[in-house]
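*Asks:* As a plain string of letters, each chain reads:
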Amino acid sequence: AQSVTQPDIHITVSEGASLELRCNYSYGATPYLFWYVQSPGQGLQLLLKYFSGDTLVQGIKGFEAEFKRSQSSFNLRKPSVHWSDAAEYFCAVGAAHNFGNEKLTFGTGTRLTIIP
Amino acid sequence: DGGITQSPKYLFRKEGQNVTLSCEQNLNHDAMYWYRQDPGQGLRLIYYSQIVNDFQKGDIAEGYSVSREKKESFPLTVTSAQKNPTAFYLCASAMDRELNQPQHFGDGTRLSIL
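Residue numbers (this note's numbering), protein chains in the order written: chain Z, 1 to 116; chain U, 1001 to 1114.
Check before you lean on any hint, since a few could be wrong.
To be verified - Mimicking SDA-like on lysine to any residue, the simulated pairs with C-alpha atoms at most 25 Å apart in a straight line are:
#	chain 1	residue 1	chain 2	residue 2
1	Z	K61	U	L1027
2	U	K1009	Z	S39
3	Z	K103	U	R1013
These are computed hints drawn from the structure, not numbers from a lab.
Here chain Z stands alone, though its shape is the one from the complex:
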C-alpha cells in the first residue's frame, strides 16, 4: 500500500528566508506526486504536481519541488517566503497506473508559520 510521510508537523520561518518542506513516500511503482496548500477553514489548492519527465517541477506562488527517486522524496521549496505563505501544506501520492481502485494518499500535513 502506498504511504506518505511528512516528518515535520510544524515549521517556523522568518519572512524572506528560504523554505523546504519534506515529503517521503512509499510506493512500489512509478508514483504521481502532488503538493497542496490549505489556508485555515478552506479547502486544498494544488501547488504543483509531478507525473514524469523533469524531476524539478515549478508550481504556483513561486514554489518548486524536486522528485528524487533514490530517496523516495518530493520536497517542496521556496527561495523567499512571504507572510501570505502561512498555511498547512500536504503532500500526496497516487498511482501512475490506475487499476480502478487506486486512490490518492495524503500525508498528515506540515503547518507553516511565518514570523516578521
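Guided by the hints, dock chain U onto chain Z, whose structure is given.
*Replies:* Using the frame of chain Z, we list chain U on its own:
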C-alpha cells in the same frame, strides 16, 4: 467560474440525528470524493464516485452514506451510526480520466455535535 460548492459551511448535529452535507460542482468532472479531516491526521477518504449512480467505499465509510444521482451532485449523509462525527469535511472532484490525479476541492463543511 467553475468550482465546487459545499454547504453549509457550519453544521451542528444532535445525538441520534442524521445530517446531510451538500457538494455541487460545475466543472463537468466525472469523479467526486468525500474526505474527512481531523487535526494531525491529514485527509481520510470516506467515499468516492467515478460515475453517476456508482460509488465506492473509501477507508472510513462506516457511519456514512452517499448518493450520486446527478453528475454535479454528491451529497454525504452522516448517520447516527457515526459516533464521532465532529470533523472538517471536504468534497473534491476530478476528471474521470484523471482519476487519482489532481483534485479540485471545495471550502469544506465543519460539523460539530450539540
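*Asks:* Are the hints correct? Go through all of them and say.
*Replies:* Here's how the hints hold up against the structure:
Straight-line distance between C-alpha atoms of K61 (chain Z) and L1027 (chain U) comes to about 23 Å, which keeps the hinted pair within the 25 Å bound. As the CA atoms of K1009 (chain U) and S39 (chain Z) are separated by approximately 15 Å, the hinted pair is consistent with the 25 Å bound. In summary, the hint linking K103 (chain Z) to R1013 (chain U) is not supported, as the alpha carbons are separated by about 30 Å, beyond the 25 Å threshold.
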